[in-house]
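J.: Residues per chain are reported as follows:
There are 2 protein chains.
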Amino acid sequence: MVENKAAIEFGRQNGERFVEELKELLRIPSISTLPEHAADVRRAAEFVAAELRRIGMENVRLIETKTPEHPGGHPLVYADWLHAEGRPTVLCYGHYDVQPAEPLNEWTTPPFDPTERNGNLYARGAVDDKGQMWMHVKALESLFAANDGKLPVNVRVIIEGEEEVGGEGIARFVREHGDQLRADVALVSDTEMFAPELPTLCVGLRGMIYTEIEVRGARTDLHSGMYGGAAPNPFVALAQIIAKLKDDNGRVLIPGFYDKVATPTADELKAWKALPFDEEHYRETEVGSRELTGEAGYSVLERTWARPTLDVHGMPGGFVGAGAKTVIPAKALAKVSMRLVPDQTPAETFVKYKAYVESIVPRGVEVTVRMIHSGDPIVVSTDNPYVQAATGAMREVFGTETVFVRGGGSIPIVGDFVRELKIPTLMMGFGLPDDNLHAPNEKFHLANFHRGIESIVRFFAAVSA
Amino acid sequence: MVENKAAIEFGRQNGERFVEELKELLRIPSISTLPEHAADVRRAAEFVAAELRRIGMENVRLIETKTPEHPGGHPLVYADWLHAEGRPTVLCYGHYDVQPAEPLNEWTTPPFDPTERNGNLYARGAVDDKGQMWMHVKALESLFAANDGKLPVNVRVIIEGEEEVGGEGIARFVREHGDQLRADVALVSDTEMFAPELPTLCVGLRGMIYTEIEVRGARTDLHSGMYGGAAPNPFVALAQIIAKLKDDNGRVLIPGFYDKVATPTADELKAWKALPFDEEHYRETEVGSRELTGEAGYSVLERTWARPTLDVHGMPGGFVGAGAKTVIPAKALAKVSMRLVPDQTPAETFVKYKAYVESIVPRGVEVTVRMIHSGDPIVVSTDNPYVQAATGAMREVFGTETVFVRGGGSIPIVGDFVRELKIPTLMMGFGLPDDNLHAPNEKFHLANFHRGIESIVRFFAAVSA
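Protein chains in written order, with the working numbering: chain V, 1 to 465; chain B, 1 to 465.
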């Protein structure tokens, strides 16, 4: 197709300008979690909206998400171009907000002063997600430029400013105004490649329930000298409960916990085995623990992608200072979460978990189990033409077949797209495992920025064919 | 003895003045833990020293405890009168420092504005220990006044200003200059009566070891979505360890832990059974938990006085804020202490505990067990003339027999007296269980202040006989 080749050529000739524009966006410290940066967050939204307008997108607008219940809401950026009659509609998602940059002294160059070194662009948000979102915008610009101001497919763009703080605004918008995002497929570039040079589609994400167990013993804090041996100790009780949640081999002991766990297909498991992954290297370089843990009989990729887990994140309460204080605390808490996989559901899992905890409460204490938040696990079907379009596009660019992976964490918006819009979502990301997401010296490998733009151009063209 | 009756009479006639003087001392906010009150602490020391000088004590001086290693040291007050040839020497101990007064808004009248209500004197330090220490001073004054400036026994007085912050200064002084405190018996009034109207000698204290268990998993904090199922979780590991320290019935599972535990004598146990103590009332009013816990087959008094225990005071590390953070912390800590009873020793118990913890370390984590501090358990023999003198004195005043109890906590100086000075220590206190030590609205029942002075006068006279 003509527009395809010309668009790719346009992208190549304008690549340096694209990077300079991205740097301008990266200079805006749009840290969504810090109220003092609210104006910066809005400035980033306006910057993106202006560019969408300039390249030829229509109906460009900011959608406010602030409500009395959600006073810290940041605007969504919406745009569309819907004149490719008879062609599918692609919904492009990204986010323009970023994580805080602390600890600042660990950055080689300042987080909001984008700097190129060794073929990488260093800045907070370089890859997560301003750089990847900008690939979408620049792919659209290339297609408009090469095709007389037209696109080969219909496109809607929705870009949020709260991804790093929970995404409440966009979740509500999808629930309440899903019709305004009607599309055939969603394209999300907020993930990474499994390894350099290995084009990757992420086709599954674990869900989760995040909970708190509160254990109460005595009415007030007591002195352990006077009351030790008579007053219940909430931390000991909590430890006894937690020790009964998981056995020594990492298996969760909640009755029925594994009932709904679906096994990946034989093809999927075979593909994972073929991935370039060395468990010992992973242990040494990524985890750094003496040995890895988890359920016996499953590989690390299975354990982190396709098996549910249970973790304790912290146990607030009592005395946590230096030295000694001889208190029997009146209460103790544990932050406990479970990662879920298809076909487990958060609601059903929470019910089983709560009932089990309540059945193992030690003597003398009272226990409350609370849900803090939850998210559904998802798997994306791979037998649809959009997946073929994406893998075909990336084959052209990278010269190799795409690998299908899953993610152990969750990207809540993907669940919302699948559930509310009922469309397949392609998680086609171009980050690298060492891009330092959420950490100092975040970077984007610039070759991948350009290859991402070209992949997306080719993807749009293939969808249109 | 003449001096006895006259001294008691002197005390009765001057009782009101004694209370007014005590109020003056209580107005000095000698909070030893707060550096901004260091001058107040010194002022209290000087107030006490001046009074000891005025009543006729000799060699009165402040002994500095500040060293480069102990920069916050507060002075000891020393005094003696050693002219009762052929008579025993009594070492009187007390402390002039107090706990902080927070939360201030829970005090009915301000903590440093001593106020009489319903026969009680309310103020921070009223009973712990300024009021009880003042009983010693006023008993000595009464004896001097009634006996031509002489005492019936030899007396040394040592009063510290760091009891509420660990007592490091006096411990070092006892170790290094024990000869300056040579005596036949020590009298400590820093405990309470078992019940109103029930004269009480405390004859045993539990010892302790206070430790930290540190568990390390991954090299840095990891995201539980990406690594959950492969990275070890230090809090889960710590919970598994703690759950193996104590069984569901409160019995400590460290091998050999109970080997050296001495059973109280049949007489002692019989005496404890006769004490006015209702476990259900104690549960309801003092502890407030659903039920009491601890080793089966032992009464609450046995469990808190004569049985060792294990408690967890807090588990620092990880995420302790509100809401959710999906971190697998790199490390987790637990503050774990054990109360010890005769003839357990801290050193031997720590060795057994450490070896046991190291033998139950879960997969994938590394563990360090640290001792923070320790104290020996003690029991005071009751078959010596000083105990007879004390019980006889209190029988005269209260009209009833003294009960012998133990304490569940520790008073480190008592261990130092027993160990370094090798003398029996009488813990003869006149506080009441509801005197609100270390809490708002601390008080001293004034009738007990006066009965305490009379008891001490009679005790000195009896020791001299």
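Read the hints as simulated data drawn from the structure, not as lab findings.
One or more hints might be untrue.
Identical chains share a label here; the pair holds if one copy fits it or two copies do between them.
[To be verified] With a cut-off of at most 16 Å between alpha-carbon atoms, the simulated EDC-like pairs for lysine to aspartate or glutamate come out as follows:
(1) K325 <-> E212
(2) K273 <-> D259
(3) K325 <-> E164
(4) K66 <-> D267
(5) K325 <-> D221
J.: Determine for every hint whether it applies to the structure shown.
T.: Verification of the hints:
1. K325 <-> E212: So K325 and E212 pass the 16 Å test across copies only (12 Å; inside, 25 Å).
2. K273 <-> D259: For K273 and D259, the Cα distance exceeds 16 Å both inside one copy (25 Å) and across copies (54 Å).
3. K325 <-> E164: Close across copies (12 Å), not inside one copy (38 Å); limit 16 Å.
4. K66 <-> D267: neither (45 Å within a copy, 74 Å between copies)
5. K325 <-> D221: within (11 Å within a copy, 27 Å between copies)
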